[in-house]
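Colleague: Given the structure of chain P, go ahead and fit chains R and Y onto it with the hints provided.
Protein chains in written order, with the working numbering: chain P, 228 to 542; chain R, 2 to 123; chain Y, 15 to 506.
Don't take each hint at face value.
[Stated by the list, open to error] List of simulated lysine-lysine pairs, DSS-like, C-alpha gap at most 27 Å:
id, chain 1, residue 1, chain 2, residue 2
1, P, Lys458, Y, Lys122
2, Y, Lys119, R, Lys100
3, P, Lys300, R, Lys114
4, P, Lys466, Y, Lys453
5, P, Lys466, Y, Lys119
6, Y, Lys116, R, Lys100
[Said to hold, decoys possible] The following label-pair restraints were derived from C-beta to C-beta distances:
id, chain 1, residue 1, chain 2, residue 2, range
7, R, Asp109, Y, Leu456, 29 to 39 Å
8, P, Pro413, Y, Val214, 51 to 61 Å
9, P, Asn499, Y, Glu39, 40 to 50 Å
10, R, Tyr66, P, Ala497, 49 to 59 Å
11, P, Asn486, Y, Lys463, 55 to 65 Å
12, R, Asp63, P, Pro326, 10 to 20 Å
13, R, Val110, Y, Ala454, 34 to 44 Å
14, R, Gln117, Y, Lys463, 32 to 42 Å
15, R, Val68, Y, Trp425, 37 to 47 Å
16, Y, Glu448, P, Ser461, 56 to 66 Å
17, Y, Glu120, P, Val460, 22 to 32 Å
18, R, Val110, Y, Pro241, 16 to 26 Å
Worth flagging that the hints you see were computed from the coordinates, not collected in a lab.
The beta carbon of each residue, even a glycine, is placed where N, CA and C say it ideally should be.
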Amino acid sequence: MTALSLAFTKDLFASVMLTGIYSLLSAGFFVLMDAVDVAFTEAAVGAGISTILMLTTLTMTGRFENRKLHHPKIALSVVIVTGIMLVMGTVDMPAFGSPSAPAQTHVAPYYIQQSAQDIDIPNIVTSVLASYRGFDTFGEVVVVFTAVIGVLALLEFARVERADSEKPVPMLQHKILRIVSKILIPPIMLFALYVQFHGEYSPGGGFQAGVIFASSIILYAMLFGIEQTRKAVSVPVVKVLSALGVLIYGSVGIASMLNGGTYLNYSVLAENDVTGQHIGIIVIELGVGITVATAMILIFLTFARRIGKTEEETA
Amino acid sequence: MNFLEQYNYWIVILLMMSGFYIVIAHGNLVKKLMGLTIFQTSVFILYISISKVIGGTAPILDDQYEVYTNPLPHVLILTAIVVGVATTALGLALAVRIKEAYGTVEEDVIQEKDLQQEGSTE
Amino acid sequence: MIQHLPILQVIIPLLAAPICFILREAKLVRWFVLLANIMAFVVSIMLLQQVNVHGTLVYTLGGWEAPIGIEYRIDELNAYLLILVTSISTVTLMAAGSSLNKEMKESKQTYFYIAYMLCLTGLLGILATGDAFNVFVFLEISSLASYTMIAMGNDRRSLWASYQYLIMGTIGATFILIGIGLMYMMTGTLNMHDLAERLVEVEQTKTVFTAFAFFLVGVCLKLALFPLHLWLPNAYAYAPSIATVFLAATATKVAIYILLRFIFSVYGFEFSFSHLPLTEILVSLGLVGIIAASIVAIYQTNVKRLFAYSSVSQIGYMILGLGIGNKTGLTATLLHLFNHALMKSAIFLALAGVVYRIGNVNIKNFAGLGRQMPWTMAAIVIGGLSLIGVPLTVGFVSKWYLVLALLENGWWPIAVLVLVGSLLAIAYIWRIVEVAYFKAPLQNNQSHKEAPPAILIPAWIFVIANFYFGIDTSFTAGLSERTAELLFGVVK
Chain P
228 MTALSLAFTK DLFASVMLTG IYSLLSAGFF VLMDAVDVAF TEAAVGAGIS TILMLTTLTM
288 TGRFENRKLH HPKIALSVVI VTGIMLVMGT VDMPAFGSPS APAQTHVAPY YIQQSAQDID
348 IPNIVTSVLA SYRGFDTFGE VVVVFTAVIG VLALLEFARV ERADSEKPVP MLQHKILRIV
408 SKILIPPIML FALYVQFHGE YSPGGGFQAG VIFASSIILY AMLFGIEQTR KAVSVPVVKV
468 LSALGVLIYG SVGIASMLNG GTYLNYSVLA ENDVTGQHIG IIVIELGVGI TVATAMILIF
528 LTFARRIGKT EEETA
Chain R
2 MNFLEQYNYW IVILLMMSGF YIVIAHGNLV KKLMGLTIFQ TSVFILYISI SKVIGGTAPI
62 LDDQYEVYTN PLPHVLILTA IVVGVATTAL GLALAVRIKE AYGTVEEDVI QEKDLQQEGS
122 TE
Chain Y
15 MIQHLPILQV IIPLLAAPIC FILREAKLVR WFVLLANIMA FVVSIMLLQQ VNVHGTLVYT
75 LGGWEAPIGI EYRIDELNAY LLILVTSIST VTLMAAGSSL NKEMKESKQT YFYIAYMLCL
135 TGLLGILATG DAFNVFVFLE ISSLASYTMI AMGNDRRSLW ASYQYLIMGT IGATFILIGI
195 GLMYMMTGTL NMHDLAERLV EVEQTKTVFT AFAFFLVGVC LKLALFPLHL WLPNAYAYAP
255 SIATVFLAAT ATKVAIYILL RFIFSVYGFE FSFSHLPLTE ILVSLGLVGI IAASIVAIYQ
315 TNVKRLFAYS SVSQIGYMIL GLGIGNKTGL TATLLHLFNH ALMKSAIFLA LAGVVYRIGN
375 VNIKNFAGLG RQMPWTMAAI VIGGLSLIGV PLTVGFVSKW YLVLALLENG WWPIAVLVLV
435 GSLLAIAYIW RIVEVAYFKA PLQNNQSHKE APPAILIPAW IFVIANFYFG IDTSFTAGLS
495 ERTAELLFGV VK
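The shape of chain P in the complex, shown without the other chains:
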């Protein structure tokens, strides 16, 4: 399949595209497997953001790779041994899709049967994500925040100060594109907001909304140039927001502690347990959305700004 052909292409540009296609195909697979939320995220993140970042990197690192493989035989044997281990592991696995598999009978039924009572939100994935396993999600937001810190620490500081002469922006001349996208960007943002606040009923939530919102900014940046975007979106504000998202999430936890519950116990936030859960979930999803959106924007802008510099120096 795609993955296999990827192993053999030397053209990195094609590889990126194949990786993107692979992500998209797996997103399709996720839909087949009823994992709509996951599919949504994989399509936005795997096929969208990662691909853009990889392409941006390629413009800096060069398109073609060296043909030489490193100890292909050793690598192949390591891989084969690992593969055989895994295949061996499948022998005793419960049959695919079986409703009586341990994974389906232990904890999962609780979520499916009780979440209506406990939390009263149709989308069980959101309930589990935001409440039952809310702390994992908090951890995940922190991971995103860590990545931002990492990327900024690595790429924000230029070796040479930026020259004033603006590089020609690739797509500035396409008038139609600009107009179309000007029309498109607000709806994308609106859609992001819809996904943000409608996550309880349909697939979606903070992450997906964050990614979509970020992609609208990225689209803007691609069409109107990085510097223009940096003027439109104040970077220091974005930075503060990315930290604020984490803090919002964290302070919901503190609030529930102060109200006498354990950390991230939303039930204590209101008189009624279910209302408390709703408040908690909406607020933390907001925190997630803010951090993810700002994180993606920051990462992209930092990468894209670096291109200009590298090109100037190599030229």
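Modeller: Same frame as chain P, but now just chains R and Y:
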């Protein structure tokens, strides 16, 4: 019969291993990261396969349906996807810096240059 | 607030990180980070007290009982390690200010401190949690933060080291993810306590075996067990000095904790040691690691790298103790976790002092330093003596237990090899001593002063701790013995 029931997992394993192979065998830093992405995405497919219940529907409560697919692995994988993209972003940032510092993103060239540097500081 | 201690342990550094990002000013951030660290340290001490009084503490996050929700579960083992990690990170931070001022621009320091805090958060999160998937999430927080810290070194090789670590670390994490996924598949739960109960039913299946194998390999990549250690020497050698101190003293220790937790508490001693040839694998890898890494260490010219290889060999001792599979061996491992952290913090902090004055740690520049920087060099030498295992230092105590454990099983040839390892340690420590004390300083290196007190004092805190815990073993050995009993007790 049992043989056929597992075929889905076998395909996943094949995918995983091709990603893993790219990571180990390729010398280009960006390519390695792509391999890593493939490897991770395949693990996600494994998790999602665990969650599937035949005859089940997406885990969004509705009166029409009785059987739902297990939502827990979905949640785990949502987390894992985000972790994955965070790692990729950081890895790419490193690749960019390496390109600037070494002038290349090929593993063997970098190692050569390192050896030279160590030789010259002796 | 007492009942919230387990979560506060993790939340304090976690929330401190984004606040730092808003504060921005490196000077401000520095004090704030130190404050948060001291708070975390106090919390960890209170936690140990609580555990001593009440036994295992369970804290349900979000108010959902495990296995529905995630829980924190603190027993003696993680209370002990929480103290280790927070204390070391606090003392290390005291030295961070001056060392960082020398090694990186002020504008970058804020990012470094944030990464440091996030790394600490990740490590504490791994230690405190009782949920297998939560381990993965916090592992990634600490990993991403440590890649960042390593890449902030001055040498361009730090970038390459960080990249290699990123690849190896992510492969490790993905292996762990596969392991956790397979465990979930067979049991339907992610909670460690629950896993332990439910794994018993399916422990004969190959899937569980595979899950265990993948998990082990993944963790061993993280803890740099020989031969999966390739990322470690460069990472430690080229990272900023403070990052080296922190990572060397804590990160691998936490990886060993994960190993202990899953071998003993989740899978259980029975499964780990009787269904698998775990003893043979761990003992032989540990031994090869001790000997091979020590030999490589002897030939290093970069002193930080020399001690990085020595870390790989010391990890071998810990794995060896674990592999022996009796209570004394486990005690030795736990003791060595603590003791090795003390030794390496002392040594790497002193090396941070050397970097501060000289700018690098090439061994030829050490010529004559014994006279020019007597206190700094003394700290390195005492740390070295402790590595060798000279009586009165902590190194002696843990080696003593290790040899006892080996003799308990009647494995005297291995005991002899352990002593050979110590001889090799003498060899690499001696190289430094020889250069530093018996060679005349180089022409251009005539006038080096002592390292600044801000670095020297924390380094000597560790040195004194090396002696203190070497002479009065009641705290560490007592706690390790009790923890070892606890871990073996879980089995039955």
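Colleague: Next, verify each hint and record whether it holds.
Modeller: Structure-based check of all given hints:
Our distance criterion of 27 Å between C-alpha atoms is met by P/Lys458 and Y/Lys122, whose separation comes to about 23 Å. Using a Cα cut-off of 27 Å, the hinted pair Y/Lys119 and R/Lys100 holds, with the two alpha carbons roughly 22 Å apart. Note on P/Lys300 and R/Lys114: the hinted pairing holds, with a Cα-Cα distance of about 25 Å set against a maximum of 27 Å. Among the hinted pairs, P/Lys466 with Y/Lys453 is inconsistent with the structure: their alpha-carbon atoms are about 52 Å apart, more than 27 Å.
Restraint check: the Cα-Cα separation between P/Lys466 and Y/Lys119 comes to about 20 Å, which is no more than 27 Å; the hinted pair holds. Proposed proximity of Y/Lys116 and R/Lys100 is supported: the alpha carbons are some 26 Å apart, at most 27 Å. Taking the beta carbon of each, R/Asp109 and Y/Leu456 are about 35 Å apart, inside 29 to 39 Å as hinted. Between P/Pro413 and Y/Val214 the CB atoms are about 58 Å apart, so this pair conforms to the stated range of 51 to 61 Å.
The hinted window of 40 to 50 Å between P/Asn499 and Y/Glu39 holds, with their beta carbons roughly 44 Å apart. Checked against the given bound of 49 to 59 Å, the beta carbons of R/Tyr66 and P/Ala497, roughly 30 Å apart, lie outside it. Under the hint 55 to 65 Å, the C-beta atoms of P/Asn486 and Y/Lys463, about 56 Å apart, fit the expected range. A hinted range of 10 to 20 Å for the beta carbons of R/Asp63 and P/Pro326 is consistent with their spacing of about 18 Å.
The hinted window of 34 to 44 Å between R/Val110 and Y/Ala454 holds, with their beta carbons roughly 40 Å apart. The given range of 32 to 42 Å is respected by R/Gln117 and Y/Lys463, whose C-beta atoms sit roughly 33 Å from each other. In this structure the supplied range 37 to 47 Å is violated for R/Val68 paired with Y/Trp425, their Cβ-Cβ distance being about 56 Å. For the hinted restraint 56 to 66 Å between Y/Glu448 and P/Ser461, the CB-CB distance of approximately 58 Å keeps it satisfied.
For Y/Glu120 and P/Val460, the Cβ-Cβ distance of about 26 Å falls inside the hinted range of 22 to 32 Å, so the restraint holds. Taken as a hint, the range 16 to 26 Å holds for the pair R/Val110 and Y/Pro241, whose Cβ atoms sit roughly 25 Å apart.
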